[in-house]
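Asks: Chains V and X supply the protein sequences, listed in that same order.
In this text, residue positions in the first sequence follow the working numbering: the first is 119, and each later residue adds one.
In this text, residue positions in the second sequence follow the working numbering: the first is 119, and each later residue adds one.
For the record, the hints were derived by calculation from the structure and aren't laboratory data.
It is possible that part of the hints are untrue.
Which copy is meant is left open, so a pair is good if it fits within one copy or across any two.
[To be verified] As a list, the in silico EDC-like pairs of lysine to aspartate or glutamate whose alpha-carbon atoms are at most 20 Å apart: (1) Lys226 to Glu238; (2) Lys207 to Glu223; (3) Lys194 to Glu244; (4) Lys133 to Glu237; (5) Lys139 to Glu225; (6) Lys179 to Glu189; (7) Lys226 to Glu237; (8) Lys139 to Glu223; (9) Lys215 to Glu238; (10) Lys207 to Glu249; (11) Lys139 to Asp234; (12) Lys179 to Asp248; (13) Lys179 to Asp242.
There are 2 protein chains.
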Amino acid sequence: MEGFEEHSNNCSDSKLSAVAKVMLVTDKAVFGPGPVRLLHHINETGSVSEACAAMNLSYSKGWQLLNKMEEGLGFKVIKRFHGGAGGGKSELTANGKLLMEKYEELEKRTQNCLNDFFEEIFSDLEQWVDEEE
Amino acid sequence: MEGFEEHSNNCSDSKLSAVAKVMLVTDKAVFGPGPVRLLHHINETGSVSEACAAMNLSYSKGWQLLNKMEEGLGFKVIKRFHGGAGGGKSELTANGKLLMEKYEELEKRTQNCLNDFFEEIFSDLEQWVDEEE
Numbered sequence: 119m120e121g122f123e124e125h126s127n128n129c130s131d132s133k134l135s136a137v138a139k140v141m142l143v144t145d146k147a148v149f150g151p152g153p154v155r156l157l158h159h160i161n162e163t164g165s166v167s168e169a170c171a172a173m174n175l176s177y178s179k180g181w182q183l184l185n186k187m188e189e190g191l192g193f194k195v196i197k198r199f200h201g202g203a204g205g206g207k208s209e210l211t212a213n214g215k216l217l218m219e220k221y222e223e224l225e226k227r228t229q230n231c232l233n234d235f236f237e238e239i240f241s242d243l244e245q246w247v248d249e250e251e
Numbered sequence: 119m120e121g122f123e124e125h126s127n128n129c130s131d132s133k134l135s136a137v138a139k140v141m142l143v144t145d146k147a148v149f150g151p152g153p154v155r156l157l158h159h160i161n162e163t164g165s166v167s168e169a170c171a172a173m174n175l176s177y178s179k180g181w182q183l184l185n186k187m188e189e190g191l192g193f194k195v196i197k198r199f200h201g202g203a204g205g206g207k208s209e210l211t212a213n214g215k216l217l218m219e220k221y222e223e224l225e226k227r228t229q230n231c232l233n234d235f236f237e238e239i240f241s242d243l244e245q246w247v248d249e250e251e
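Bound-form chain V, shown alone (with noise of 0.2 Å):
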């Protein structure tokens, strides 16, 4: 079973690893996975309610992550258009898609570091029995 999987070992069902959930925070939170999951949803679909929607997130508290997050970030991440009553279209700004690009690139160097570090120091896991008291 040579190179089956990069982080296998030899036993566990229930195997551990570590996983980053990295935030973008000023003097609170600002950015992090949801935030970035709710940008993707409106790319996708060009709506803010409909990315809400997706997202099991009520309309009001997804303009409340959007707002934060714009003025955390000190710029736009979303364009209104001026379209029908409550129903215009929404796109990223360009700023908005750079975000979501990079918090992404961000997201993974991390987690690729901070698993080689579990496996560095966590490497004789297997070992930490339960000693007899």
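On the provided structure of chain V, position chain X as indicated by the hints.
Replies: Frame of chain V; chain X shown alone:
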């Protein structure tokens, strides 16, 4: 102000930075920032109930966390002393202490990586102003 602060930049009152929350997981979350704080408090106070109180956590919720981590990790993190009714002393096992130390090393090294990546990937963040539309 050269060298004043390693990560300072030239402007913004509420500077953006990146924070890594490191979770140890199987098919569910096993360990993370909350649980490591709980172990620290138990280590300091010698008491699960005092540790829970210090974290504003109910005693039953504290034990839920401890049982979940022991189940996920496959070893005991707490020594149970056969003391008085419900009021026995608690102490971390050798593995519990090792877990605490190694998790913190993992967290620290991951955060250092993230800091470097953030500076690199978001180095031009100050120039992300709203475009005219």
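Asks: Now tell me, hint by hint, if it's right for this structure.
Replies: Consistency of the hints with the structure:
no., hint, verdict
1, Lys226 to Glu238, "both (19 Å within a copy, 14 Å between copies)"
2, Lys207 to Glu223, "neither (28 Å within a copy, 47 Å between copies)"
3, Lys194 to Glu244, "between (48 Å within a copy, 13 Å between copies)"
4, Lys133 to Glu237, "within (12 Å within a copy, 33 Å between copies)"
5, Lys139 to Glu225, "both (8 Å within a copy, 11 Å between copies)"
6, Lys179 to Glu189, "within (15 Å within a copy, 35 Å between copies)"
7, Lys226 to Glu237, "both (17 Å within a copy, 15 Å between copies)"
8, Lys139 to Glu223, "both (13 Å within a copy, 17 Å between copies)"
9, Lys215 to Glu238, "between (35 Å within a copy, 18 Å between copies)"
10, Lys207 to Glu249, "between (62 Å within a copy, 19 Å between copies)"
11, Lys139 to Asp234, "both (16 Å within a copy, 16 Å between copies)"
12, Lys179 to Asp248, "neither (46 Å within a copy, 23 Å between copies)"
13, Lys179 to Asp242, "neither (44 Å within a copy, 30 Å between copies)"
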